[in-house]
Amino acid sequence: MKIPFLWYINLSFIIVNLHLYNHSKLSQTLANIALGSKVKVKNLIVSEISSKLLEMGLYSGQEVEVLFKAPFGDPIAVNINGYVLSLRLNEASLVEVI
Amino acid sequence: MKFQKIALIGNPNTGKTSIFNRLTGLNQHVGNFPGVTVDKKSGKLKLSETTVEIIDLPGTYSIYPRSKDEQVVLDVLKNKNHPDHPEALIVVVDASNLERNLLLFTQVYDLQIPVMLVLNMSDVAFKSGKKFNHEVFHSRFPNVPVVETNARIGTGINRIIENIEKGFDCEQFQAIIPEYDIHSESNSDNQTLETNKRYQFIKELISKIILQDDNKKQFKVSKFDKVLIHPVFGYLIFASILLLLFQLIFSLASYPMDMIDGVFGTLSENIQAKLPAGLFTDLLSQGIVPGLGGVIIFIPQIALLFLCLGILEETGYMSRVVFIMDRLMRPFGLNGKSVVPLLSSAACAIPGIMATRTISNWKERLITIMVAPLMSCSARIPVYTLLIALVIPSQKVLGFLNLQGLVLFSLYALGLISALLVSLVMKWLIKSNEASILMLELPDFKAPRWGNVFISLFEKIKIFIFDAGKVILAVSIILWAMASFGPGDRIEKAVQKIEKPVQKSGPQMEAYELDVKNAKLENSYMGILGKTIEPVIKPIGYDWKIGISLLTSFAAREVFVGSMATIYSVQDDGETNLGLIQKMRAEKWSDGKPVYSLAAGLSLMVFYVYAMQCMATLAIVKRETKSWKWPLIQILYMGTLAYFASFIVFKLFS
Ligand SMILES: Nc1nc2c(ncn2[C@@H]2O[C@H](COP(=O)(O)OP(=O)(O)O)[C@@H](O)[C@H]2O)c(=O)[nH]1
Ligand SMILES: [Mg+2]
Numbered sequence: 001m002k003i004p005f006l007w008y009i010n011l012s013f014i015i016v017n018l019h020l021y022n023h024s025k026l027s028q029t030l031a032n033i034a035l036g037s038k039v040k041v042k043n044l045i046v047s048e049i050s051s052k053l054l055e056m057g058l059y060s061g062q063e064v065e066v067l068f069k070a071p072f073g074d075p076i077a078v079n080i081n082g083y084v085l086s087l088r089l090n091e092a093s094l095v096e097v098i
Numbered sequence: 001m002k003f004q005k006i007a008l009i010g011n012p013n014t015g016k017t018s019i020f021n022r023l024t025g026l027n028q029h030v031g032n033f034p035g036v037t038v039d040k041k042s043g044k045l046k047l048s049e050t051t052v053e054i055i056d057l058p059g060t061y062s063i064y065p066r067s068k069d070e071q072v073v074l075d076v077l078k079n080k081n082h083p084d085h086p087e088a089l090i091v092v093v094d095a096s097n098l099e100r101n102l103l104l105f106t107q108v109y110d111l112q113i114p115v116m117l118v119l120n121m122s123d124v125a126f127k128s129g130k131k132f133n134h135e136v137f138h139s140r141f142p143n144v145p146v147v148e149t150n151a152r153i154g155t156g157i158n159r160i161i162e163n164i165e166k167g168f169d170c171e172q173f174q175a176i177i178p179e180y181d182i183h184s185e186s187n188s189d190n191q192t193l194e195t196n197k198r199y200q201f202i203k204e205l206i207s208k209i210i211l212q213d214d215n216k217k218q219f220k221v222s223k224f225d226k227v228l229i230h231p232v233f234g235y236l237i238f239a240s241i242l243l244l245l246f247q248l249i250f251s252l253a254s255y256p257m258d259m260i261d262g263v264f265g266t267l268s269e270n271i272q273a274k275l276p277a278g279l280f281t282d283l284l285s286q287g288i289v290p291g292l293g294g295v296i297i298f299i300p301q302i303a304l305l306f307l308c309l310g311i312l313e314e315t316g317y318m319s320r321v322v323f324i325m326d327r328l329m330r331p332f333g334l335n336g337k338s339v340v341p342l343l344s345s346a347a348c349a350i351p352g353i354m355a356t357r358t359i360s361n362w363k364e365r366l367i368t369i370m371v372a373p374l375m376s377c378s379a380r381i382p383v384y385t386l387l388i389a390l391v392i393p394s395q396k397v398l399g400f401l402n403l404q405g406l407v408l409f410s411l412y413a414l415g416l417i418s419a420l421l422v423s424l425v426m427k428w429l430i431k432s433n434e435a436s437i438l439m440l441e442l443p444d445f446k447a448p449r450w451g452n453v454f455i456s457l458f459e460k461i462k463i464f465i466f467d468a469g470k471v472i473l474a475v476s477i478i479l480w481a482m483a484s485f486g487p488g489d490r491i492e493k494a495v496q497k498i499e500k501p502v503q504k505s506g507p508q509m510e511a512y513e514l515d516v517k518n519a520k521l522e523n524s525y526m527g528i529l530g531k532t533i534e535p536v537i538k539p540i541g542y543d544w545k546i547g548i549s550l551l552t553s554f555a556a557r558e559v560f561v562g563s564m565a566t567i568y569s570v571q572d573d574g575e576t577n578l579g580l581i582q583k584m585r586a587e588k589w590s591d592g593k594p595v596y597s598l599a600a601g602l603s604l605m606v607f608y609v610y611a612m613q614c615m616a617t618l619a620i621v622k623r624e625t626k627s628w629k630w631p632l633i634q635i636l637y638m639g640t641l642a643y644f645a646s647f648i649v650f651k652l653f654s
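Those sequence lines, one after another, are chains A and B. Numbers 1 to 98, taken from our numbering, label the letters of the first sequence in order. Numbers 1 to 654, taken from our numbering, label the letters of the second sequence in order.
Derived from the structure by calculation, the hints contain no laboratory data. Keep in mind it's a predicted model, so treat the numbers as computed, not measured. Don't take every hint at face value.
[Said to hold, decoys possible] 30 Å max Cα-Cα, derived DSBU-like pairs, lysine-lysine:
{"hint": "1", "chain 1": "A", "residue 1": "Lys40", "chain 2": "B", "residue 2": "Lys44"}
{"hint": "2", "chain 1": "A", "residue 1": "Lys69", "chain 2": "B", "residue 2": "Lys446"}
{"hint": "3", "chain 1": "B", "residue 1": "Lys223", "chain 2": "B", "residue 2": "Lys197"}
[As the list claims (entries may be wrong)] Quick list of the computed label-pair ranges, beta carbon to beta carbon:
{"hint": "4", "chain 1": "B", "residue 1": "Asp189", "chain 2": "A", "residue 2": "Lys38", "range": "28 to 34 Å"}
{"hint": "5", "chain 1": "A", "residue 1": "Glu63", "chain 2": "B", "residue 2": "Leu328", "range": "30 to 36 Å"}
{"hint": "6", "chain 1": "B", "residue 1": "Ile633", "chain 2": "A", "residue 2": "Gly73", "range": "34 to 40 Å"}
{"hint": "7", "chain 1": "A", "residue 1": "Ala34", "chain 2": "B", "residue 2": "Arg140", "range": "39 to 45 Å"}
{"hint": "8", "chain 1": "B", "residue 1": "Ile153", "chain 2": "A", "residue 2": "Phe72", "range": "36 to 42 Å"}
{"hint": "9", "chain 1": "A", "residue 1": "Gly73", "chain 2": "B", "residue 2": "Gln247", "range": "29 to 35 Å"}
{"hint": "10", "chain 1": "B", "residue 1": "Gln4", "chain 2": "A", "residue 2": "Ala34", "range": "51 to 57 Å"}
{"hint": "11", "chain 1": "B", "residue 1": "Asn143", "chain 2": "A", "residue 2": "Gly73", "range": "46 to 52 Å"}
{"hint": "12", "chain 1": "B", "residue 1": "Phe173", "chain 2": "A", "residue 2": "Val46", "range": "41 to 47 Å"}
{"hint": "13", "chain 1": "B", "residue 1": "Phe168", "chain 2": "A", "residue 2": "Gly73", "range": "46 to 52 Å"}
{"hint": "14", "chain 1": "B", "residue 1": "Val536", "chain 2": "A", "residue 2": "Phe72", "range": "44 to 50 Å"}
{"hint": "15", "chain 1": "A", "residue 1": "Ala34", "chain 2": "B", "residue 2": "Tyr412", "range": "39 to 45 Å"}
{"hint": "16", "chain 1": "B", "residue 1": "Trp428", "chain 2": "A", "residue 2": "Val46", "range": "26 to 32 Å"}
Backbone N, C-alpha and C define an ideal beta-carbon position, used for all residues, glycine too.
Taking the hints into account, I'd like the entire structure generated from these sequences.
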């Protein structure tokens, strides 16, 4: 049986959308913010350590700035309200930012 | 209301210990929280009429625990019947960073325990243009005394004491989260919800109680950090600091160590000479006094190492080391915080293992403790030196490398590589449900406060002497007894067989005394045991003489050399030991082959890389893990590794 032409378009749309979605998700965590840029915490991805992140001051709306990165780019150090927190990339990737 | 027990609580690095030290001085000791492996620091504060016990609780960001240390805080506060449950709390906060710090304050406030709020680091807050409005805070928390302090120079400490003297309560308590139930700890969704509410409250509160001078708010990255975490300079600087540190320890520690050695040696001799001969005198002069000396001898190294580490910690450099090393250590199941303990173990495993306290994740801490003794410590150097001189020719390889030096370097490298590989294995074997997290605060750089450095140094030495010292003393007495007694009159008979010289002094008499010493050791239980294990150690190339020395050097690795000297009836000159080397070279198996072949020598070196030949380390592992389970596992795994590695090396080179 042939798959109707429109389905193809539909399918490719879904793929593109998925791709965009993943991409946007990736580019919007604290793990891939450029050095020196200031961002705001949008949301914490639910995980074992999300309450820990919260306790360190990373609540939604908090302003953070990436101050420096360790050699190999991991861990990173961020300025949260005047104090410097260092965290691993996998920890930072649980912090969605805008 | 008069308090008897007050606890200090606060985030890490807010100055709790500094305040604790100010309040209690040297009037403090380290004990145990019942049933857990976490240390409890407590001390006495003298008031005009009474004394109060002050407890320095482990630093925590929240009352909801993420590690064993933090669990203790919750247990102590939640359970009113806990023996360490305090009547009141002093919440220490970093006044320059109130938002995050107040979270813990709001949590413990809601527990309805009387609290005092200490705004420490008031100097830093002042510099960043923050001013605290006491009236507004007081109107919301009428029963909470607030004190601004600078624990570095001691301002405000008197006010803390005044408030303790006066007492405080929670009569006009007004919950922040009404019907707050700490038991929701298991439910992380509720926790998140609750924490968010608390932040809401804190933000509102801060907007009213903090006057911020915006001109001073600027946050700048310190110039130091640009260099200290630089991908090239960062590591170079760390390596240089380490080099300096080791240089310092090796060059400085040897003086007091030689002195201690000398003093205890003379003491033994004097006791032997002055007291009437007999069992008690022998026990005192050969068992107890050398045993005590064996404890004290470690103090210079422990003190020097913790002095250096204390300075690095106080200045804030240590957390930068953790920051640049974390990525490299992670694949091995370790943490950036494991680096300093492991490298310290290259001087001596004892301070190295004691330095693992900063690792909050229990699994990572345990792995670090378990592999630390694989790092080649300074006690192995005399053994390596003797064996290398014995079997490795002094020649150049590739035209410029000294072969002997190369072998020594390889032994160190073998230790380090093995430590990492064993960590990797343990990472899979040890189960844990504690997540491995780094999340650490990088404090500002500052000059060290010497009071803090010395108090913690003092505390470490005290722990070593009183907790590990007991075990070391007991084991050294057992080792002494095994090496001085034999079954029946075996020793006496053997001694009688040796011909006594006519002259009572001179070289003949010296030779006679050495022979007697040898006969005593060979016929003691230790000697017999050494002979009994010969079939076991023959496959790795050792005869019973080496067997005896392996057993005696359980006291400390370097004892191997002295023991060999006794067995070969030569004086241990403590340096080149040429006489000993000559005799060892001449030693033959019954079939005429030399005992100390290249294969046997290398096998023995490798044995010393792996074997857990140090009772002092075992004693400190017991102290730090609070059970005999881990030191036993350690001695078994290291012994097994030693045996098989030596076996392979022996077969490869035979
Ligand atoms: N500038 C400043 N530094 C302080 C103050 N109190 C403590 N420190 C420093 O802060 C660091 C951490 O202090 P410590 O007492 O170990 O904190 P703890 O982790 O809460 O026990 C040390 O380097 C102290 O010298 C203070 O009031 N002002
Ligand atoms: Mg402390």
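Taking the hints in turn, this is what the structure says about them:
For a cut-off of 30 Å, the pair hint linking Lys40 of chain A to Lys44 of chain B is broken: about 46 Å separates their Cα positions. Only pairs whose Cα atoms come within 30 Å are accepted, and Lys69 of chain A paired with Lys446 of chain B is accepted, the gap being roughly 22 Å. For the proposed pair Lys223 of chain B and Lys197 of chain B, the alpha carbon gap of about 37 Å is over 30 Å, so the pair is violated. The hint said 28 to 34 Å for the Cβ distance between Asp189 of chain B and Lys38 of chain A, and at roughly 30 Å that hint holds.
Taking 30 to 36 Å as the suggested C-beta distance range, the pair Glu63 of chain A and Leu328 of chain B conforms, at roughly 31 Å. A C-beta distance of roughly 37 Å is found between Ile633 of chain B and Gly73 of chain A, which places it inside the suggested range of 34 to 40 Å. One distance hint, 39 to 45 Å for the beta-carbon pair Ala34 of chain A and Arg140 of chain B, holds here, with the actual separation near 41 Å. With their beta carbons about 40 Å apart, Ile153 of chain B and Phe72 of chain A fall inside the hinted range of 36 to 42 Å.
Remark: the range hint 29 to 35 Å for Gly73 of chain A to Gln247 of chain B is upheld by a beta-carbon distance near 33 Å. Between Gln4 of chain B and Ala34 of chain A the beta carbon distance is about 55 Å. The supplied range of 51 to 57 Å therefore holds. Under the hint 46 to 52 Å, the C-beta atoms of Asn143 of chain B and Gly73 of chain A, about 49 Å apart, fit the expected range. Checked against the hint of 41 to 47 Å, the pair Phe173 of chain B and Val46 of chain A fails, with Cβ atoms roughly 33 Å apart.
At about 49 Å, the beta-carbon gap between Phe168 of chain B and Gly73 of chain A stays in the expected band of 46 to 52 Å. For the pair Val536 of chain B and Phe72 of chain A, the supplied restraint of 44 to 50 Å holds, since their beta-carbon distance comes to about 46 Å. Between Ala34 of chain A and Tyr412 of chain B the C-beta distance comes to about 41 Å, which sits within the given range of 39 to 45 Å. One distance hint, 26 to 32 Å for the beta-carbon pair Trp428 of chain B and Val46 of chain A, holds here, with the actual separation near 27 Å.
Taken one by one, the earlier hints fail for this structure at numbers 1, 3, 12, listed in ascending order.
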